[in-house]
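Participant: Sequence:
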Amino acid sequence: MDELQDWLDKVEAYHLPRFEDLPELDLYRDQLLTLVDKYIEPIWLEDSPVVTTSMVNNYVKNGLLPHPEKKRYTREHLAYLIAITFLKQVVSINDIEEGLKVMTGLNGGIANAYDFFCDKQEIALRMLNHREENQVLSEKDQSSAYLMVEMVTMAFATRLITKKILMIENNSDEKS
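Each residue of the sequence shown is one higher than the last, beginning at 712 in my numbering.
In case anyone wonders, no lab produced these hints; they're calculated from the structure.
Check the hints yourself; a few may be wrong.
Taking lysine-lysine pairs in the DSS-like style, the calculated list, with each CA pair at most 30 Å apart, reads [stated by the list, open to error]:
1. Lys749 / Lys812
2. Lys781 / Lys749
3. Lys721 / Lys799
4. Lys812 / Lys781
5. Lys799 / Lys749
6. Lys812 / Lys782
7. Lys799 / Lys874
8. Lys799 / Lys875
9. Lys799 / Lys812
10. Lys749 / Lys772
11. Lys782 / Lys875
12. Lys772 / Lys782
13. Lys721 / Lys886
14. Lys875 / Lys749
15. Lys886 / Lys875
16. Lys799 / Lys782
17. Lys749 / Lys782
18. Lys875 / Lys721
19. Lys799 / Lys781
20. Lys721 / Lys749
21. Lys886 / Lys874
22. Lys874 / Lys721
23. Lys772 / Lys799
24. Lys772 / Lys812
As the structure is a computational prediction, the values presented were derived from the model and not from experiment.
When you get a sec, could you build the whole thing from the sequences and use the hints?
Facilitator: Written out as C-alpha cells, the structure is:
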C-alpha cells in the first residue's frame, strides 16, 4: 500500500492551471497538444497519448471545440480541450457537448466554467486521499447543472484510483 499512498499524495498535490494561467498567445496544434499533455500527464495512467491530432480534429468537426482561426488555437481552445480530456473518461461525447453548453452558460463563459471545473476536479482528486473525511461533495448551489459537475469529477477521480489499484495489483501478481 505504500506505492498507492505515494501515488495518492501525488494526486492530492495535483493542480490544474486556471484560465488566467493558460497562455495568452495563439498556439499551433502541436503546441496545443504539448500543453494538454504537460497539464494532464502527471495523473494520466493510460499508455495512449493524452490527446492526439485526430482527437482535436474530431472535436472541432463535431462542434465540441471551436474552429481554430488560421490554424491557431487560443486559451479558450486549451481550456475546452483540457476539460474534454477529463470528461471523456467518464461520459459520452454527446453528454460532454451538452454539459459544456450548460456550464458555460451558467457561469458566464468558458473562463468561469473552466475554473469551476478545475476547482471541482481538484476537490474530487484530493478526496481520494481523504475518503473517510468527505463522504459527499457539497455546493451551496444544488442545481442539477452544478451537481452534474460534482458527480462527473468524482466519477473521474473514482475511476482513476480504481485503475491505479488494479495496476498495482497486476504488478504485484507479476512479481510473485
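Participant: It remains to establish, for every hint, whether it holds in the given structure.
Facilitator: Each hint tested on the structure:
no.	hint	verdict
1	Lys749 / Lys812	26 Å, holds
2	Lys781 / Lys749	24 Å, holds
3	Lys721 / Lys799	22 Å, holds
4	Lys812 / Lys781	24 Å, holds
5	Lys799 / Lys749	18 Å, holds
6	Lys812 / Lys782	24 Å, holds
7	Lys799 / Lys874	16 Å, holds
8	Lys799 / Lys875	18 Å, holds
9	Lys799 / Lys812	15 Å, holds
10	Lys749 / Lys772	24 Å, holds
11	Lys782 / Lys875	37 Å, violated
12	Lys772 / Lys782	14 Å, holds
13	Lys721 / Lys886	24 Å, holds
14	Lys875 / Lys749	20 Å, holds
15	Lys886 / Lys875	17 Å, holds
16	Lys799 / Lys782	24 Å, holds
17	Lys749 / Lys782	21 Å, holds
18	Lys875 / Lys721	12 Å, holds
19	Lys799 / Lys781	27 Å, holds
20	Lys721 / Lys749	15 Å, holds
21	Lys886 / Lys874	18 Å, holds
22	Lys874 / Lys721	15 Å, holds
23	Lys772 / Lys799	16 Å, holds
24	Lys772 / Lys812	16 Å, holds
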